[in-house]
Structure formats: structure tokens, C-alpha cells
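Student: With the sequences and hints as input, model every part of the structure.
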Amino acid sequence: MQFAYKIVSAGGQIKEGRLEAVNIHEAQFKLALQEASIIRLQPISKSHILSRFSPQNITLGHISLLDKVMLARHLSTMIRAGMNIDEALDTIASSSSAVMKKRLGEVLAEVKSGNRLADALAKHPRDFDTMFVNMVAIGEASGRLSENLNILATQQQKSYELKAKIRSASIYPIVILLAVFVLVIIVSIFVLPKIIGFFTSLELELPLATKILINTSSFIINFWPYLVGLVALIFIAARMLLSWSSSRLILHRMMLHIPVAGKIIREVNMALFARTLGSLLGSGVTIDKSLEIVSRTLSNEAYRKATINIYHKVLKGVALSEALAGNNYFPRLFNSMCKVGERSGNLSEILSSVAEFYESEVDNITKNLATILEPALLVFIGLVVAFVAISIINPIYDLTSKVEQQ
Numbered sequence: 001m002q003f004a005y006k007i008v009s010a011g012g013q014i015k016e017g018r019l020e021a022v023n024i025h026e027a028q029f030k031l032a033l034q035e036a037s038i039i040r041l042q043p044i045s046k047s048h049i050l051s052r053f054s055p056q057n058i059t060l061g062h063i064s065l066l067d068k069v070m071l072a073r074h075l076s077t078m079i080r081a082g083m084n085i086d087e088a089l090d091t092i093a094s095s096s097s098a099v100m101k102k103r104l105g106e107v108l109a110e111v112k113s114g115n116r117l118a119d120a121l122a123k124h125p126r127d128f129d130t131m132f133v134n135m136v137a138i139g140e141a142s143g144r145l146s147e148n149l150n151i152l153a154t155q156q157q158k159s160y161e162l163k164a165k166i167r168s169a170s171i172y173p174i175v176i177l178l179a180v181f182v183l184v185i186i187v188s189i190f191v192l193p194k195i196i197g198f199f200t201s202l203e204l205e206l207p208l209a210t211k212i213l214i215n216t217s218s219f220i221i222n223f224w225p226y227l228v229g230l231v232a233l234i235f236i237a238a239r240m241l242l243s244w245s246s247s248r249l250i251l252h253r254m255m256l257h258i259p260v261a262g263k264i265i266r267e268v269n270m271a272l273f274a275r276t277l278g279s280l281l282g283s284g285v286t287i288d289k290s291l292e293i294v295s296r297t298l299s300n301e302a303y304r305k306a307t308i309n310i311y312h313k314v315l316k317g318v319a320l321s322e323a324l325a326g327n328n329y330f331p332r333l334f335n336s337m338c339k340v341g342e343r344s345g346n347l348s349e350i351l352s353s354v355a356e357f358y359e360s361e362v363d364n365i366t367k368n369l370a371t372i373l374e375p376a377l378l379v380f381i382g383l384v385v386a387f388v389a390i391s392i393i394n395p396i397y398d399l400t401s402k403v404e405q406q
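Take 1 as the starting number for the sequence shown in the numbering used here and just add one per residue.
Simulated from the structure, these hints should not be mistaken for laboratory data.
You can take every hint at face value.
The calculated DSSO-like cross-link candidates involving lysine-lysine, where the alpha carbons are at most 30 Å apart (straight line), are: (1) Lys339 - Lys289; (2) Lys316 - Lys289; (3) Lys367 - Lys263; (4) Lys15 - Lys313; (5) Lys289 - Lys123; (6) Lys367 - Lys165; (7) Lys165 - Lys101; (8) Lys313 - Lys30; (9) Lys289 - Lys263; (10) Lys112 - Lys101; (11) Lys158 - Lys102; (12) Lys163 - Lys101; (13) Lys263 - Lys305; (14) Lys30 - Lys123; (15) Lys15 - Lys289.
Tutor: Here it is, written out as C-alpha cells:
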């Protein structure tokens with residue numbers, strides 16, 4: 001896919017041109033490597049939309065991260081056992097999901113026609129990223145394909161487990177908040193309208209809580225189309241803003257300062273950085289190429305930008321530990337461990353140890369967070385339900401008291 005760009009180069013010159021990339025994020029990354037400031041970057045629409053619906057691009061979906069873990073692990077085991085690549089791919093495909101079977105069938109056809117496995121995988125960039133392809137390519141060139149696939153499987157599995165922990169920690173509060181939201185909407189739309197008329201006809205001074213509930217209900221009923229439109233507008237605006245690397249960078253930097261969540265984001269990105277870089281170096285990929293690949297795997301734009309800056313320093317001959325020294329996103333401990341790894345000559349092993357440390361930190365935080373959030377959310381639900389109940393019961397109780405006095 002081609003993109004047209006207009007940039008300000010590192011030398012201050014305005015340049016225009018085209019580049020080839022899988023998606024807009026890769027295009028932004030390629031321009032960032034040139035230390036360019038992007039003025040405009042957009043896809044060349046010529047056959048972009050139609051090409052997505054061409055027969056060769058119509059698929060059942062994409063290969064999941066867990067599928068790739070199993071592929072690398074099984075392929076490593078089979079090659080180590082003496083199977084050739086053709087036979088191993090065919091065996092794995094026969095017991096895989098429909099999506100995996102289709103993709104491996106295409107890869108197998110390429111391999112049988114004389115292409116290297118890495119080249120065959122590279123033709124499917126949506127399923128096999130740069131890291132996957134590079135580690136396979138280095139393994140094929142060095143005769144260590146089985147070992148590299150095993151390292152790759154471990155890295156991908158750790159990445160999967162890390163993301164799974166974050167998902168599991170966030171699902172519970174999201175479900176609870178959605179339940180409360182639905183409860184409020186149901187009460188406001190279906191319950192309150194039936195008793196609002198009754199309350200307003202009473203010659204009583206309604207409690208503040210009841211007034212708030214009645215006004216909220218009336219607002220939702222009268223203005224719900226505008227509220228839906230506002231939510232849709234906010235969603236579209238957010239999507240547009242997040243498509244720009246500059247606004248995404250600002251947002252991601254702000255997220256790092258959110259209590260608890262910011263700490264999790266930092267440690268997840270440091271774990272991914274250390275795990276991915278260690279795996280690549282252990283597979284024989286050069287440090288500059290490894291850093292280039294690492295920057296594409298990080299989800300936080302601030303850490304991605306920091307990694308690109310480290311990459312440029314390393315290209316100039318600066319050691320990794322020195323490049324990390326002036327970086328605010330990596331603590332002194334991280335830098336010290338890298339320095340030890342460089343001095344001892346086992347940087348990849350040290351980085352794997354660092355990754356395990358941060359992965360365990362994320363695990364501990366998410367477990368503690370779940371323990372703290374569960375009672376807190378239950379209290380929150382209790383308060384909401386109590387507020388609604390008191391708002392409805394109080395006027396009825398006041399009316400009963402007034403009748404008894406008469």
C-alpha cells in the first residue's frame with residue numbers, strides 16, 4: 001500500500017514523496033526513522049478500497065497471537081525431530097483452525113516453489129510481523145531455525161500472557177460499570193416516568209435526592225437522541241485524534257501519569273521492550289535492527305518514540321546503556337542491568353531476566369488491583385442502588401407521615 005507524505009526533514013527542508021508500507025502506522029514509523037516531522041501523510045486511494053475486496057485479500061480473519069505461539073512451538077519441535085519444513089507445515093495445518101489452515105497452505109505453496117520460509121511468511125505481513133519474519137530469516141541463515149523458533153514462541157507466549165493479565169484485570173470493573181449504567185438507564189426510562197407524575201402532584205417539598213433523580217430521568221428521556229449523537233461524535237473525534245501520531249503521543253504521555261494505570265503501562269512496555277529485544281539479540285539479529293523491530297511492537301506511543309531515539313543513538317555508535325541513560329522512560333535499574341549485560345557479553349540473557357522482573361511486577365499489581373477493586377466496586381454499586389431507593393422511598397415515607405398526622 002502506498003502513502004503520500006509531506007515532511008520537514010531533519011535538516012529543516014520540506015519534502016514530498018511516496019512510500020510503501022503495510023499500514024499508516026508503519027508509514028509513520030519509516031518517516032520517524034528519518035527524524036522527520038510529518039506535515040501530511042495519507043494513503044493513495046487509487047485502488048486501496050477495491051484491493052481490500054480482491055479475491056486474494058478476502059480472508060476468514062487473522063491469525064491470533066496464541067495461534068502464532070503454537071505454530072512457532074510446534075514447528076521448532078518438528079524441525080528438531082528431523083522433519084523437513086514442508087512436512088512440518090502440512091502436519092500443523094491439518095490440525096489447525098480454518099484461518100490458520102488457509103494461511104499455512106499459502107505459506108507451504110511458497111516454500112514448495114523454492115522460496116525460503118521467511119520470504120513466504122513475509123508475504124503475509126498482517127499475520128506475521130517483522131519480528132517473526134526476521135527471527136525465522138536469521139535462523140535459516142545461521143542453521144539455528146529450531147532454536148530461533150523456540151525463542152520466538154517463548155517471546156510471543158510471554159507477550160500473550162502479559163496482555164491476557166491486563167485484559168482480565170480490566171474486564172471486571174468494565175462489566176460492573178456497564179451494569180450500573182444499564183441500571184440507571186432502565187430506572188430512568190421505565191420506572192421513574194410512572195411515578196414522576198405522582199410525586200409532582202404531591203403537595204410536598206421533595207428531597208434533594210428525589211429532585212436530582214427526577215431531573216436526570218427527564219433529561220435522558222427528552223434529550224436521548226442528542227446524547228446518542230454526542231457520544232457518537234466524541235467516539236469519531238477520538239478515533240480521528242488517535243489516528244494522528246502527535247495527538248496519540250500527547251495522550252499516551254498523559255496516561256503514564258495516571259495513578260496505578262500509569263505504573264502498569266510503564267511496566268508492560270518495559271517488559272515488552274526487554275523481552276522482545278532479548279529474544280531478537282539471542283536469535284542473532286543485530287542490535288540496531290532489533291531496536292527498529294522493538295519500536296513497532298510497543299503499544300504506547302511515548303515508549304515507541306523513546307525507542308526510536310535510542311535506535312538513532314545506537315546507529316551513531318553509542319552503547320545501549322548510554323543511549324538509555326538520558327531517557328526518562330527507563331529507570332536507572334533498567335540501564336544498570338543493560339550495562340552489566342554489555343560488560344559480561346550476555347545482554348540477551350540479562351534482558352530476559354529484566355523482562356521476567358517486570359512481568360512479575362505487572363502480575364502482582366493486577367492481582368492486588370483486582371483485590372482492591374472488587375470491594376470498592378461493590379460499595380459503589382451499593383451507593384448507587386441506595387441513592388435510587390432512597391430517592392423513591394423518601395417521598396412516599398413523607399406522604400405516609402403526613403397522612404398519619406391528619
